[in-house]
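Undergrad: The primary structure of each chain is shown beneath.
Protein chains: 2
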Amino acid sequence: MNCPGYKKLSERSREVHLVRSTASLLEWDLETYIPPNAAAFRAEQLSYLGTKAHALFTKPIVGHWIKEAEDFGFPAESLEAANVREWRRTYDRAVKIPNSLVEKFEKARILAYDAWIGARAESNFPKFRPHLEKIITLVRKKIDRWGFEESPYDALLEDYEPGIRASQLKPVFAELRDALKDILAKASASGVSEEFLDGHYPISGQQALSKEIAEAFGYDFRSGRIDTTTHPFMTTLGPYDQRITTRYNEKRFEMSLYGTMHETGHALYEQGLPKEPVGVPTSDSVSLGIHESQSRLWENHVGRTTQFWHLWHATACNYLPDLARYSPDDLARGVQRVAPSFIRVEADEVTYDLHVLLRFEIELELIEGRLKVKDLPEAWNSKFKELFDLKVPDDRRGVLQDVHWSHGTFGYSPTYTLGNLNAAQLINAAETQVPDLGAQLARGRYQPLLQWLREKVHQHGRHYLPQDLMCRATGETTQGKYRIEYLRQKYAT
Amino acid sequence: MNCPGYKKLSERSREVHLVRSTASLLEWDLETYIPPNAAAFRAEQLSYLGTKAHALFTKPIVGHWIKEAEDFGFPAESLEAANVREWRRTYDRAVKIPNSLVEKFEKARILAYDAWIGARAESNFPKFRPHLEKIITLVRKKIDRWGFEESPYDALLEDYEPGIRASQLKPVFAELRDALKDILAKASASGVSEEFLDGHYPISGQQALSKEIAEAFGYDFRSGRIDTTTHPFMTTLGPYDQRITTRYNEKRFEMSLYGTMHETGHALYEQGLPKEPVGVPTSDSVSLGIHESQSRLWENHVGRTTQFWHLWHATACNYLPDLARYSPDDLARGVQRVAPSFIRVEADEVTYDLHVLLRFEIELELIEGRLKVKDLPEAWNSKFKELFDLKVPDDRRGVLQDVHWSHGTFGYSPTYTLGNLNAAQLINAAETQVPDLGAQLARGRYQPLLQWLREKVHQHGRHYLPQDLMCRATGETTQGKYRIEYLRQKYAT
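Respectively, the protein sequence lines represent chains R and H.
The C-terminal residue of the first sequence carries number 492 in numbering that gives the first Met the number 0, and the numbering is unbroken.
The C-terminal residue of the second sequence carries number 492 in numbering that gives the first Met the number 0, and the numbering is unbroken.
Mixed in with the good hints, there may be bad ones.
Intra- or inter-copy, both count: the list cannot distinguish identical chains.
Derived SDA-like pairs: lysine to any residue, alpha-carbon spacing no greater than 20 Å straight-line [unchecked claim]: (1) Lys103 x Ser150; (2) Lys103 x Pro276; (3) Lys58 x Arg108; (4) Lys274 x Thr234; (5) Lys274 x Lys371; (6) Lys66 x Lys371; (7) Lys51 x Ser23; (8) Lys51 x Arg11; (9) Lys455 x Ser203.
Rather than coming from a laboratory, the hints here were simulated on the basis of the structure.
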């Protein structure tokens with residue numbers, strides 16, 4: 000089918016991808032190897048490429064091509080139709096925000112981030128407050144431009160989880176909330192101490208073990224590598240270039256090991272996306288909730304299990320001799336420790352979603368105008384008490400802990416829990432569809448699971464909207480019950 | 000002084016620099032850390048940015064701005080006048096070559112490079128010959144577009160050594176040629192064996208030693224780093240980002256040690272260039288002959304000396320215990336070994352320039368039409384016999400050894416020798432101008448020498464043409480006598 004507008008859009012997408020993937024290398028280097036004095040000029044390079052990429056896809060001609068491709072009428076289920084749908088969505092969202100608002104937002108973000116750094120260090124919320132107020136005012140202006148049907152929060156979710164609405168999340172999250180409080184009460188009673196697995200684990204041994212496990216999961220090192228950064232991440236720098244980073248603690252091997260499994264999950268998704276055509280939406284990942292499902296699935300459902308340690312115990316002891324003090328069951332108990340704590344990024348499997356639900360509720364109230372920034376610390380602390388039965392000692396370990404809001408990012412947090420829910424639902428479906436999956440995983444045969452994920456999730460890129468993809472893979476939209484059942488069996492029996 | 004065209008040119012130069020420095024990071028990563036499967040897409044990213052940078056500075060509006068800046072009439076010695084001169088020079092050279100010829104040349108280069116790889120492996124010149132003929136035909140077409148006054152070779156030199164002419168090089172090189180043959184005869188008699196310093200030198204020890212020496216020379220690691228590559232190089236990725244690469248041989252510490260000193264010399268030059276305004280010619284290095292003078296000066300005049308080893312012996316033995324078998328004088332003798340050999344990149348200080356002179360004479364004959372490609376191997380071998388009194392065993396170790404011609408690069412090779420000549424002349428001038436320079440260097444006080452180079456060479460960027468810069472620093476244009484005298488004293492007494 001020959002539609003010139005479609006062809007032009009494909010070429011432009013490839014061009015935008017060349018620019019964005021180059022910017023991703025600038026960022027990767029900024030986090031890994033850049034000399035300290037070089038950071039300021041790097042910011043200039045990044046801002047230049049960011050502006051170029053934005054301009055390339057917001058020119059009026061792009062709108063004409065999209066109209067032409069829409070009028071051409073590709074069959075509803077075709078890849079082409081999906082690409083046109085996604086081009087329309089992202090183009091409209093981008094051009095609806097005038098440059099003056101984009102610039103105001105960028106400036107406010109930079110100031111808010113600086114203020115947040117200082118405020119968190121001093122545990123001084125009033126210092127951050129005026130910046131957060133400014134950010135929220137500007138976010139509301141963006142929402143006014145974008146428009147919404149039910150909740151203004153929906154306009155924000157659209158950036159991270161296309162098609163989902165707050166009204167769909169609420170009942171699922173409410174069900175989860177009640178179940179988690181119950182599971183937590185049973186799980187945290189039978190715990191081991193935080194220091195249970197502490198020992199001396201040389202970094203070179205941790206590196207070799209992580210590498211062997213990532214490879215066993217199916218990560219292709221010919222198209223990737225693992226480096227060290229303060230904040231671990233996965234980034235894609237081209238169709239055959241998915242890089243992982245991790246961080247090491249010589250006393251605690253879990254940090255790098257489970258961090259690497261997590262990022263490996265993200266990388267396996269990206270390595271399984273369509274390689275051609277480069278840069279079009281259907282060759283891209285579909286949403287954060289699906290992306291996070293892949294990382295959580297490999298990290299927790301595959302890696303944070305008793306059977307994993309029965310399989311990997313000997314290898315792990317070989318690389319990290321201090322581990323020989325523990326039986327496989329000890330190791331499993333250690334990495335499955337459950338204990339309520341103040342900081343989200345240090346949370347265990349059971350309490351993690353409680354941290355997220357708290358943020359979701361607060362963001363919703365802030366954006367819907369039911370909560371004022373000045374009342375935020377109090378709202379945070381009282382919700383925290385309710386969910387965790389803990390009194391937040393200071394704002395540093397409370398409302399000021401996350402970077403997201405200072406970056407102007409709202410609507411992102413629920414995707415963490417969506418990822419957890421999707422992971423449980425996907426592995427449940429895989430268990431019914433892949434013969435002998437449990438036995439395969441117990442023997443370290445990870446290929447059948449990866450193959451299933453490739454077929455049901457990875458290869459589709461952005462062809463279907465996330466909830467449509469979940470239906471096709473599992474027969475249902477995202478549900479709470481699979482995760483609840485998984486956590487109940489693992490932690491509350 | 001307010002000239003709008005000049006302001007526009009400065010902004011455009013900054014923009015081009017943002018793109019080019021980003022491309023340099025893509026290249027640096029390609030040589031250091033890129034996963035193997037990612038190289039193909041990387042080539043696409045590089046080609047995209049290269050095309051963008053070229054287009055940014057060859058638009059007709061740029062020509063108008065240059066005209067406007069010329070008409071404005073900046074004072075002759077001003078930085079502004081120098082920038083306008085350089086913008087004019089590079090703009091005219093770029094726009095004189097039509098895009099069709101650029102594309103033909105690019106295609107021919109890619110094919111020629113592939114053919115050269117195969118031809119060299121098989122030592123099969125006829126396989127390379129038609130490609131080289133094609134390259135030379137296209138190079139001549141470029142020369143016709145550029146124009147020249149004396150020799151067509153001058154039009155090629157202009158890319159690497161602005162303002163120099165073959166007629167200026169010839170007498171200097173002839174003097175050098177005669178002297179070198181004489182010095183070689185005396186030097187190679189008193190040599191040590193090639194394996195004299197062989198031992199076991201762990202890479203971590205080599206790294207630590209190289210790092211300490213680079214730092215002592217004045218290399219700022221807050222604006223740089225050292226990584227490992229097959230072919231060592233120095234690259235600048237921003238005003239405060241000068242990165243070095245090197246390679247290690249566990250049997251021979253000299254490879255990485257002197258390689259690092261060499262690249263450190265290049266990096267010290269770039270770290271001493273004006274930081275602002277970013278991207279304009281006067282903030283850039285002036286020529287390859289000056290650049291190479293800085294690398295050779297630190298590598299050979301500072302590092303490849305007896306006094307260097309008296310100073311560094313203890314430290315070096317600390318990092319590389321196997322070195323304790325040698326006295327400082329032994330080490331100096333080892334790194335000052337002179338022996339004619341077939342391969343330029345492995346050559347010692349005395350024979351290195353003979354390799355270069357051979358290439359210069361052959362390139363001149365090829366470009367001036369006095370030598371045909373089909374007669375090239377014979378010409379190479381007979382000149383080699385004349386200069387080195389050695390019979391070239393095969394073309395792999397003869398005419399096929401260098402990559403340059405397959406890349407379409409002619410006029411580059413003489414800058415290696417210019418660098419050597421400039422290095423000797425600069426250090427000679429420094430000795431007369433810096434109090435007690437020899438004693439300072441002997442005690443490891445490298446700051447006075449670096450300060451002198453900063454003042455006389457680095458800080459001027461491209462303000463003066465290379466030969467003008469040499470005159471201001473040393474009172475003369477590039478001469479042969481300083482290098483001849485240096486080599487005679489070091490190797491033939």
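Undergrad: Determine for every hint whether it applies to the structure shown.
TA: Cross-check of the supplied hints:
For the homomeric pair Lys103 and Ser150, neither the shortest alpha-carbon distance inside one copy (24 Å) nor that between copies (58 Å) is at most 20 Å. In this assembly of identical chains, the alpha carbons of Lys103 and Pro276 never lie at most 20 Å apart, being 35 Å within a copy and 27 Å across copies at closest. For the homomeric pair Lys58 and Arg108, neither the shortest alpha-carbon distance inside one copy (25 Å) nor that between copies (36 Å) is at most 20 Å. In this assembly of identical chains, the alpha carbons of Lys274 and Thr234 lie at most 20 Å apart only when taken from the same copy (16 Å versus 32 Å across copies).
Proximity of Lys274 and Lys371 under a CA criterion of 20 Å is satisfied in neither setting, with 46 Å inside one chain copy and 47 Å between copies. Taking the shortest Cα distances, Lys66 and Lys371 never come within 20 Å of each other, neither inside one copy (41 Å) nor across copies (59 Å). Proximity of Lys51 and Ser23 under a CA criterion of 20 Å is satisfied in both settings, with 14 Å inside one chain copy and 18 Å between copies. In the homo-oligomer, the alpha carbons of Lys51 and Arg11 lie at most 20 Å apart both inside one protomer (12 Å) and across protomers (15 Å), since each shortest distance falls under that limit.
In this homomeric assembly, Lys455 and Ser203 never come within 20 Å of each other (Cα to Cα): the closest approach is 36 Å inside a single copy and 47 Å across copies.
Of the hints listed earlier, those the structure fails to meet are numbers 1, 2, 3, 5, 6 and 9, in rising order.
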